[in-house]
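**Student:** Sequence:
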Amino acid sequence: MYIQVGSRGKGRRAVGPPPPCPSPAGGRGDDGRAACRPISIAPNRNARGGGTPSSCVPSPAKRGRDREGGRRPTKAGDPPVTVLAFDQLLTAAGWQADVAVTVADGRIAAIGPAAGRAVAARHAIGVPGIASLHSHAFQRGMAGLAEVRGPGADSFWSWRETMYRFALTMTPDDVEAVAAQLYAEMLEAGFTRVGEFHYLHHDHDGRPYADPAEMAVRIAAAAETSGIGLTLLPVFYAHAGFGGTPPGDGQRRFVSSLDLYDKLLGGARRAVAALPGAVVGVAPHSLRAVTPEELGRVVDLAGTGPVHIHVAEQVREVEDCLAWSGRRPVALLLDHAAVDARWCLIHATHMDADEVRRLAASGAVAGLCPITEANLGDGIFPGAAFLEAGGRYGVGSDSNVEIGVAAELRQLEYAQRLATRSRNVMTRPGRSTGRSLFDAALAGGGQALGVATTGLAVGAPADIVTLGADHPALAGRSGDAWLDGWIFSTGNAAVDCVYVGGKPRVSGGRHAAREKIAARFAAVMRRLAG
1 MYIQVGSRGK GRRAVGPPPP CPSPAGGRGD DGRAACRPIS IAPNRNARGG GTPSSCVPSP
61 AKRGRDREGG RRPTKAGDPP VTVLAFDQLL TAAGWQADVA VTVADGRIAA IGPAAGRAVA
121 ARHAIGVPGI ASLHSHAFQR GMAGLAEVRG PGADSFWSWR ETMYRFALTM TPDDVEAVAA
181 QLYAEMLEAG FTRVGEFHYL HHDHDGRPYA DPAEMAVRIA AAAETSGIGL TLLPVFYAHA
241 GFGGTPPGDG QRRFVSSLDL YDKLLGGARR AVAALPGAVV GVAPHSLRAV TPEELGRVVD
301 LAGTGPVHIH VAEQVREVED CLAWSGRRPV ALLLDHAAVD ARWCLIHATH MDADEVRRLA
361 ASGAVAGLCP ITEANLGDGI FPGAAFLEAG GRYGVGSDSN VEIGVAAELR QLEYAQRLAT
421 RSRNVMTRPG RSTGRSLFDA ALAGGGQALG VATTGLAVGA PADIVTLGAD HPALAGRSGD
481 AWLDGWIFST GNAAVDCVYV GGKPRVSGGR HAAREKIAAR FAAVMRRLAG
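Going by UniProt numbering, the residue at position 87 of the sequence shown is 87; the numbering climbs one at a time, nothing skipped.
Warning: the hint list may mix true and false statements.
Claimed, not checked - Calculated lysine to any residue pairs in the SDA-like style (CA-CA distance at most 25 Å, straight line):
{"hint": "1", "residue 1": "Lys503", "residue 2": "Arg117"}
{"hint": "2", "residue 1": "Lys503", "residue 2": "Gly277"}
{"hint": "3", "residue 1": "Lys263", "residue 2": "Glu294"}
{"hint": "4", "residue 1": "Lys503", "residue 2": "Pro113"}
{"hint": "5", "residue 1": "Lys263", "residue 2": "Asp249"}
{"hint": "6", "residue 1": "Lys516", "residue 2": "Asn492"}
{"hint": "7", "residue 1": "Lys503", "residue 2": "Ala278"}
{"hint": "8", "residue 1": "Lys503", "residue 2": "Ala118"}
None of these hints come from the bench; they were simulated from the model.
All chains should be built: construct the whole structure from the sequences, respecting the hints.
**Tutor:** Right under this line is the structure:
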């Protein structure tokens, strides 16, 4: 499928899907090297980090078993069917050995024994892909550019001024290129869906583009180029502080009226209509940036879609909210909005005990961004208390200063250890910490991004990440110990192949279109640096 994109309706071009994995006959990637490796039961020493001997193309040994190596012929009008096999697979029912996953129309149609099945590919270890539930894609372009200390004490607020200046430089082409690079990196790290909290809307002077959703169109194009699942969350942003404080000049590309936001939201829905499994929600930016009346109007526009909001990220935000309303931010939100399972409260770092209890009871997801929160010096989420209260959480890459499923989960746990001066905090007695973190992020991320069924079960999206069984951090382990090794001992180097909707997007740790995407990103960064 193709969607038309272009700045202000000019120079529009077709952006197609990412290149598929090479053909069974052994095609090559953009750099001339083989992008997918043949199946073998011996370790493949050429894989990144000593990865598994798996492949996202049909095995030569299997090709003769049916015409398409695990892609069964179907009746006219039926979706094509692909079968993937795994020595060990973490399903919704737990770890299962020697299983085959049948994929039809991007979803899991069946999970059963692999014996005797013709398969498109076989892997050693498979786990569900999880979501980065909170991302500002354009900020990937400024990663590392705010690490010089200013004349005074640096903080979130000084970082924000740097971010505003960077945002003012970007064109729609820049945003698309940076987002595509980010999304390819996310896939290589094991994220299979992203929640794009999208607030860079307007032209450099603050006026809407001819298509108010131009920037959302570019985000959709980047998702299509990379193949990542997308939940697009257009942001409503109207004020600079509590009580309707007028926005500053640095915020001019973010600010919209409610009428303009309604048009932008409609354009965003059209932009993602061709993307498989895409979801659109709403994102009132924060209690600082929307009035209570505006919050209600924006939530009404969500329909049944998810609702995301920044809240209580900074101590100063809590103090300002108390001064304005007499209530803390999370308490104020819970008092005046019907917060339920559709909602995701991003950060919620600074809560008192009553707020922790009430947020957990609401069924909403706490959207934690451990690496960004550490980078910005935000503070530490009350994880142990929230877990004890039965709260739900997921993780997001937020400012995208570093991209990694394992890195986010590891940072979350390590921050809790530092705060409590103890070990194995975000888990229950007798359970693997890695498995507990992974399960929580899987369920919470899916809920927050509007995915009805998460994990590897019949009816769920066929979003699967394979790990390298012969990676040194995983060798000789089994079951949940693989997750502990991935999260606490290796990281992205253990990721081998990644499927989104059953389609191979990463093989041998490399995105299928990495070279083209990276070249475009590098050109943008050189121009911005000049």
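**Student:** Are the hints correct? Go through all of them and say.
**Tutor:** Status of the hints after comparison with the structure:
1. Lys503 with Arg117: holds (19 Å)
2. Lys503 with Gly277: With Cα atoms ~13 Å apart, Lys503 and Gly277 stay inside 25 Å; holds.
3. Lys263 with Glu294: holds (16 Å)
4. Lys503 with Pro113: holds (21 Å)
5. Lys263 with Asp249: holds (23 Å)
6. Lys516 with Asn492: holds (21 Å)
7. Lys503 with Ala278: Distance ~15 Å between Lys503 and Ala278 Cα, so the pair holds.
8. Lys503 with Ala118: Judged against 25 Å, a Cα distance of about 17 Å means the pair holds.
In terms of the numbered hints stated before, the structure departs from none.
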